[in-house]
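**Q** One-letter residues, chain by chain:
Protein chains: 4
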Amino acid sequence: MPEIALLQDAVDIVRPLLGQGKVANYIPALAEVNPNKLAIAVTSIDGTTIGAGDYLEPFSIQSISKVFSLTMALNLYQEDEIWSRVGKEPSGHSFNSLVQVELERGKPRNPFINAGALVIADLLQARLSAPKHRMLDKVREISGNSSLCYDKVVAHSEYQASARNAAIAYLMKSFGNFNGDVNTVLKSYFHYCSMRMNCADLSRSMFYLANRGKTLAGKQLITPVQTRQLNALLATSGLYDGAGEFAYRVGMPGKSGVGGGIIAVIPGDMSICVWSPELDNNGNSLAGTAMLEHVCQQLGRSIF
Amino acid sequence: MPEIALLQDAVDIVRPLLGQGKVANYIPALAEVNPNKLAIAVTSIDGTTIGAGDYLEPFSIQSISKVFSLTMALNLYQEDEIWSRVGKEPSGHSFNSLVQVELERGKPRNPFINAGALVIADLLQARLSAPKHRMLDKVREISGNSSLCYDKVVAHSEYQASARNAAIAYLMKSFGNFNGDVNTVLKSYFHYCSMRMNCADLSRSMFYLANRGKTLAGKQLITPVQTRQLNALLATSGLYDGAGEFAYRVGMPGKSGVGGGIIAVIPGDMSICVWSPELDNNGNSLAGTAMLEHVCQQLGRSIF
Amino acid sequence: MPEIALLQDAVDIVRPLLGQGKVANYIPALAEVNPNKLAIAVTSIDGTTIGAGDYLEPFSIQSISKVFSLTMALNLYQEDEIWSRVGKEPSGHSFNSLVQVELERGKPRNPFINAGALVIADLLQARLSAPKHRMLDKVREISGNSSLCYDKVVAHSEYQASARNAAIAYLMKSFGNFNGDVNTVLKSYFHYCSMRMNCADLSRSMFYLANRGKTLAGKQLITPVQTRQLNALLATSGLYDGAGEFAYRVGMPGKSGVGGGIIAVIPGDMSICVWSPELDNNGNSLAGTAMLEHVCQQLGRSIF
Amino acid sequence: MPEIALLQDAVDIVRPLLGQGKVANYIPALAEVNPNKLAIAVTSIDGTTIGAGDYLEPFSIQSISKVFSLTMALNLYQEDEIWSRVGKEPSGHSFNSLVQVELERGKPRNPFINAGALVIADLLQARLSAPKHRMLDKVREISGNSSLCYDKVVAHSEYQASARNAAIAYLMKSFGNFNGDVNTVLKSYFHYCSMRMNCADLSRSMFYLANRGKTLAGKQLITPVQTRQLNALLATSGLYDGAGEFAYRVGMPGKSGVGGGIIAVIPGDMSICVWSPELDNNGNSLAGTAMLEHVCQQLGRSIF
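Protein chains in written order, with my numbering: chain U, 1 to 304; chain E, 1001 to 1304; chain Z, 2001 to 2304; chain C, 3001 to 3304.
By construction, these hints were calculated from the structure, which means they are not laboratory data. All residues carry an ideal CB built from backbone N, CA and C; glycine is no exception.
Okay, the calculated beta carbon distance ranges per label pair:
| no. | chain 1 | residue 1 | chain 2 | residue 2 | range |
| --- | --- | --- | --- | --- | --- |
| 1 | C | Pro3028 | U | Ser84 | 54 to 60 Å |
| 2 | U | Ser84 | E | Ser1084 | 37 to 43 Å |
| 3 | U | Glu57 | Z | Thr2184 | 41 to 47 Å |
Chain U on its own, in the form it takes in the complex (with noise of 0.2 Å):
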């Protein structure tokens, strides 16, 4: 179980690299976060949560958020009807690539890249009446905070220069993976990365995956089959073009968002968020890698 000593710990110890990384600027409302939050926060399996640095400050969840949409989407639909339109293996390419897409006719690698998590968001405009709600609630209800909201400025942001996103859509689209209206699922997609939650709540969010499929508040959210085959996928894919990297360093099953939060997870022990905006040349927060190291060092525990 780690102590509050060792997060604090962590914080200080990556402090250094602030300047080493960059800010994502693609749209304004996320470059101008400031770039030396350093934040964690660890939900223990006994479920208590403990944090150091600004772990109580929100920011913009981004691709964490697919998470989310997978494990609604797991909820709403049969194994196959979404394994027969996204893949489970890693992509070998960055994370909004075209050229496999193309390669492999419309079926997107693994449901952490663009090109994946659009087929889920489509998954679920297509069953879900008002899925922008239905995800809020959610991610409400697993994280025990009412009061989340999404950032309209960020979303609208994005939709702004979600040409690639578009050209993606599209590209599945013509090869008859992608069923909704474009501009609608894009919609609702940038709302779910627009998410603000703070790494509090994104620990708390995650225990599931810590917990066999549980919540916080006791819900089997998903079964522990599928929450071990989410684990397994979050180590092989979480973290775009760095997945080996990160496995190599920090051995944990985890996601990124370019927003500089990363989740990971040790499965029966512990569910942890970092928060560090600036990234590294993979998309993945620098200082936030770092901290995870650390941690799983200092604890001597990974899945390896």
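Starting from the structure of chain U, add chains E, Z and C where the hints point.
**A** For chains E, Z and C alone, coordinates are given in the frame of chain U:
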């Protein structure tokens, strides 16, 4: 701790899958194997080995040898000397692709695709006076079986059919990432691949991966940190372009070979080897994967 | 100067090829065409037009319209304004590939693949208040046929099936190489493609390519140098991924459309149009190419 | 018919471009050439040769030799034997790319990229007992210069740096499209490339391309149809990935070499050779292209 009955069940349950895969046939020596072989062996953390099916019958370990090669390289080189020349990321391409090697200017994605294993073989060749003998000695030592041998017919046959691997080696040489004589290194590489071992030999050999780097005989082969890192690489890149599916279904770090063998480990718990010559579309043993899946489900064990 | 008998021979000689190609079927309006049509028309440098087969029957000109679009762009823009946004090289990929557009950061290889033609359509949209009307006026003028029309059913049908072209346009937009509203430009683009013309109309329209830029009516549409350049682009990139084979067999600059039409010119000598709806593997009219080959051999004329 | 004054003008006018390109430096023997050389020679259809600048100074013909190789192959093989093994299409990739060779399963796009020229060299090796001697004899014969030689230092130096070409050859061998011993064929190939000729020699040698297949000495080297086809291939694929730009600016079939030479022809009219060692980004002589452009504009001649 698995019982022999569980292993026998695994063998029996997957038998109906025989006939659904394809034996590797690019060289006659491999094509001639009896396709109906099924075998499994487990070495538990207490050091005992049990098996079922044809687990005492030797087969061609092929790419499983890449685990041994990388382990030897870790003994001979500093971390940086290795990872500056080969990456740690899943490839997203088939195991013998040149496309990625060209696009990424001669640096292979990971040490378990052919290109990466050739770089590792090049590293071994540069530091060892008789790499083939040293490899054989090492594997005899860690398996505890001093009668292990290369299959010279297989090694020669692979060398005769080595045009694509030669192309990969020359392409890396053109980028300055291959130093030795291509033919010499290829000969060593194919010898490593041609080693004949049975499932018991292999599960015993891989015991160090489950045992924080210590072999069955109690020798610290690599450090606990290196062991964790090696397992992480196996989890993300050990099954060619089927690593995600394997993690999803089996949930263990593993390495497959086109001879139909797969080794897998649950760190702190056990090392396993399965064998069945017919391969799936990704080149991994079809029934072998199913045996691992069965065992993992029955034991309720995985790393996730 | 070709005689009508030669043209009739061409039609007769290629008739046995009917049935060997495939009519474009991605939209119903094209799929319904009679596959057995064969037509050829030649406009000689003296201004006379002769024809054989179904040369007075109109068909969907499809990508042949890309010659008209580029010509209009040359009238509206400085050279640099065009060639900074689209290249002049053969693509080496199929006509609707996104791979190259992504790898070359949004700049299409040439104005005759879909991506390039969409950039040209974007240029026209930016400078013309009613591009569809202006295009129609222009083609009516240079063909001398004031009754030419768009086929609204075809245009609408293509727009409904335009996901891949939308993907290409959005991808270019993501790289800053597409300025207009994607749907608006697509609608114009599909109108241009939907024009119905017969072989006589088309050979007359393309007369300026054989006549140093002057139309049949004696108007200098583009300069002699521009004409030479346009012919050069047609020779290297006008036949999709079959430009080399076409040059080898036919030896004229040309442009094909999936409606089965092909226009070709021998500068200083004649413009030709052939039509036969069945396409070869590269999407070029199979019997149409053979008619051109026959005429070129019989006349002993080519640009080489 | 061009006058000497025109050629002298061409040399003078392009002199300011010196310094804007880069001499090929991958082997010392090429890097040491004086970068300020400028030369042009023209052989008119009447058989007279005139020149300006350093047109009597020999240089390394490099890839221009690919025209001679293909011509010899046309003498030794049926059409199908050649074109079943190498394509006729522009590549859309750089001259020494492996990507396309892998994607297209070992069949090079055309005989003028390295992969294609290696297949042609493999064909020559299979049918000729002493291909290097036969090539030298042939080029001496058609140039009328019996003192031409290979530059053994260049040939050896290229062979020492041949890893990428070896990779290409082995890759084709892995697909069954390369029969000879790789090293033996590479040695022949580099000898062909190492031939030293001056602009006068080269324009005389290429006279058959302008003269319906007949050499200066009146020998029918290839048929008129083959000549037309060869010119067509040169027009679409002779300038690496700059064929479109070359056609646009110069408007002649041509072939370049990294030694800075370019040959070009106007069928029925003249063959030309220019030389200037500095290359543009596509590997074609920068000032050489400009000289051809000037001559073509001044004469008002091109194939378009």
